[in-house]
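Q: Chain A is fixed; fit chain B onto it per the hints.
Chain residues, written in single-letter form:
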Amino acid sequence: MKTITLTLKKKSQIALEFDELIPDKVFTWEKADFENYQVPVGNRRFPLTDYFDIEVEGTAENPAEVKMILDGDCGRVKYIGSKMGAGEIIVNGDADLHCGAEMEGGKITVNGHAESYAGREMKGGELEIMGNTREFCGCSYIGDWRGMSGGKIILHGSAGKQLGECLSGGEIYVGGDCDILAGIHMNKGFIQIDGDVTRWPGGQMKNGNILIKGKLGILLEGMVFDEIVKDPVIDGKSFSGKYIKYTGDLAVNGKGGLYLNAEKNREYL
Amino acid sequence: MEYILKNGIVYDPANNIAGEKKDVMFKDGKIVENVSSDAKVLDVTDKIVMPAGVDPHAHVAGPKLVVGRLYRPEDSRKGVTHKTDVCRSESGFSIPSCPATGYRYSRMGYTTVTEAAMPPLEAKHTHEEITAIPNLDITPLPLFGNNWFVMQYAKEDKIEELAAFISAWLKLTKGYGIKIVNPCGTEAWGWGMNVHGIDDPAPHWDVTGREVLRALAQANEMLGLPHSIHVHPNDLGHPGNFPTTVNTLDCVKDIEKNSSVRDQTIHLTHAQFHSYAGTSWRDVESGADKVADYINKNKHVTCDIGQITLDETTTMTADGPMEFDLHQLNGLKWANKDIELETGSGIVPFIYSGKAPVSSFQWAVGLELFLLIKDPWQLCLTTDHPHAGPFIRYPRIISWLMSAERRQEMMDNLEVRVWSYKRTGLGTLDREYDFNEIATITRASAARIYGYQDRGELTPGYNADIAVYDLNPNDIDPSKEPAAIEKAFGNAMYTIKNGEILVKDGEVVKVVPSHTLWTDVKGFEEQENAVMEKIMPTFRRFYTVKFENYKVHDHFAPNPIVTEVQAGK
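Taken in order, these protein sequences are the chains called A and B. Residue 269 is where the first sequence ends in this note's numbering, and the numbering goes up by one at each step. Residue 569 is where the second sequence ends in this note's numbering, and the numbering goes up by one at each step.
Source of the hints: derived by calculation from the structure; they are not laboratory data. Treat the numbers as computed from the prediction; the structure is a model and nothing was measured. Don't take every hint at face value.
[Stated by the list, open to error] Label-pair restraints from in silico Cβ distances:
(1) A:Tyr-37 x B:Lys-78: 25 to 33 Å
(2) B:Ile-476 x A:Asn-111: 53 to 61 Å
(3) A:Glu-57 x B:Gly-506: 41 to 49 Å
(4) B:Asn-15 x A:Tyr-37: 50 to 58 Å
(5) A:Phe-225 x B:Arg-282: 33 to 41 Å
(6) A:Asn-111 x B:Gly-506: 46 to 54 Å
(7) A:Tyr-37 x B:Asn-549: 50 to 58 Å
(8) A:Thr-3 x B:Pro-73: 33 to 41 Å
(9) A:Asp-196 x B:Gly-192: 40 to 48 Å
Just so you know, even glycine gets a beta-carbon here, dropped at the ideal spot from N, CA and C.
Next up, chain A with everything else stripped away, as it sits in the complex:
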């Protein structure tokens, strides 16, 4: 087991990019390797030691035996754990854009807030965010129609706009509230939102399921009322209580399911 601790000593105005510092690439690195490493900052590179104090303990045979701890406010560190395949990264602070983007395995824990594009195009692994995240969590790359396809995002705070855009697999759990268009264009997978949702979940969804435990602002016209279900079972997961089930989005002849907590959304009954 190898523990790599990076402690922030100077916050850069321009974001650092950390997509090269993932367990898959650094599991053989010694302290000296980190000290020699130049981290991309904007269109240049600077020594990692300008920004972080580095501690390395133990050894690792493979990426899965690596635990990276980033201490401090990483609100200007982009691509944390991007494309990682194994191992663990813990961020004791905020994370900037693209945290866990394209990750294939392993685990990332952010003990703070994460910026937009967290878990973009995730294929596997687990991304847990204790705070909030912003727009396009678990989405596709801009322009692409293939989004997150596997893995799990657990968000304890709130999510921004277009959560799980183009979702084609995997699961997203939101403990807090969620802004507009959750699950837009999704065709598979599962989104659960425990808090309130502003409007239009499941726009243009083809398939997959969205479950909302809180109150919904405005429902999309393309969602067709199906039935009232008690204690629904979705993809093998059971939920207690009464839910209003809709099918949609009619605009794209979708067969997706939207489950709305009946107690909190009486006006839709």
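A: Just chain B now, with coordinates in the frame of chain A:
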């Protein structure tokens, strides 16, 4: 500066040199017979030496490329490289950035590329983009097949006036020849319709594709342009379209050629998309044998293939209705544009996958055409970049053509599905191209088809445009080593353009500005003036731009190579 390429094995089909060990010499940018003893020696002992590549049909510059890049950022993120001391950074796979387009062609040993669809109204932009592409000479072909003036002249059978119009428009747009896309079909698309076959009239015009094709072919020969009409026939990609294709080729058979620099009177582009039999995608079969048979029997026809490369790519063409069909088929994002009185266009991303029966079928039809057309001088290698696949796959196609074993292996191990041999005759074809035939279909025939008098051959006096590939043809068995063939043709040992070494060992070492090739017709000025006077009221009434702002001024093509032709000679 004098150079001598020593001891290479030369393939120069135009001069009937097929694998002879000899030296190639050049001086001040031109091939010469002899050089002095001061000449710099480039040792290429036992390496393949060919004229530099000439691509007869690709889409590399113009507004639809820009729209493609804008609406496909997910394509631009592929193929990203850092800048080097010589090159700017690259981006893109199917629609690479302008610099990347130049560098990648250079690395394959190409120096000349045709931009096969320039809407006259967007010609300025096309030329601007050509100046942004390094290392290539680019030949833009303006679109005429759905132009209102052209349709009117075709309907009234006024060939001389049409010729004058073409001559004037080639000057206005700095174009090289006549491109026709889905004649009358794109105009019909302005009304949400399409035409089927060449005798289906455009709505409100009462003129058919046959009339437009014949009129433009006659005008082309009246002017004696260096290239023939360049035709993308009706019904692209529709099962059962091969009769349309054969009728298209046959309808200009009686028109007499009036040019000594080329052999054909019609060039059929991306023939693969036009060679399907059957009635629907359920019962589709290959019509490649019928189209190839017609081409084998008729020397007034040349073609390029538009080979499917089995990649995720971006289809883009001036065939607006076809792109809408494609969008309906795959459900992916669609861009569409109407170009006023002239044409239209569409763009849809497309995934040609060996796992899909239809893509496998199309892949096989293309190869079938390559293998069934007997005379390599009637044939060019293209992918209709980026429509059927990106141009960087040419080396891979070469490896398929040179190895029957590799093709069989792909069919056997399901890299392509069973439709590749059950619906086509590919499984029965074991022809393998040799290096001389490859040299013909990738450079010599294209240069001949375009009537180039300065490239495509290693003749003294011609431009020193030369490609050297790191292969010893006496050593290698292309049938058994397709990967080595692909690697060598994709990473030229030397690419030399106008006597300057642009690529060495697969790396771009020098960047030079591009040139624009266009045709200036002389001796037709009176007729041109008369026609311009006649059409100006229509132009002023219907175009959204003023005529004064329509013309491509000289500064849009800072490095022109002008082919002057005497009308009628």
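Q: If a hint holds in the structure, say so; if it doesn't, say that too.
A: How the hints compare with the structure:
Look at Tyr-37 (chain A) against Lys-78 (chain B): about 26 Å separates their beta carbons, and that is inside 25 to 33 Å. For the hinted restraint 53 to 61 Å between Ile-476 (chain B) and Asn-111 (chain A), the CB-CB distance of approximately 59 Å keeps it satisfied. In this structure the supplied range 41 to 49 Å holds for Glu-57 (chain A) paired with Gly-506 (chain B), their Cβ-Cβ distance being about 44 Å. Checked against the given bound of 50 to 58 Å, the beta carbons of Asn-15 (chain B) and Tyr-37 (chain A), roughly 57 Å apart, stay inside it.
Remark: the range hint 33 to 41 Å for Phe-225 (chain A) to Arg-282 (chain B) is upheld by a beta-carbon distance near 37 Å. The hint said 46 to 54 Å for the Cβ distance between Asn-111 (chain A) and Gly-506 (chain B), and at roughly 48 Å that hint holds. Between Tyr-37 (chain A) and Asn-549 (chain B), the C-beta spacing of about 55 Å keeps the proposed range 50 to 58 Å intact. Under the hint 33 to 41 Å, the C-beta atoms of Thr-3 (chain A) and Pro-73 (chain B), about 38 Å apart, fit the expected range.
About 44 Å separates the C-beta atoms of Asp-196 (chain A) and Gly-192 (chain B), a value consistent with the hinted range of 40 to 48 Å.
Violated hints are absent here; each numbered hint is respected by the structure.
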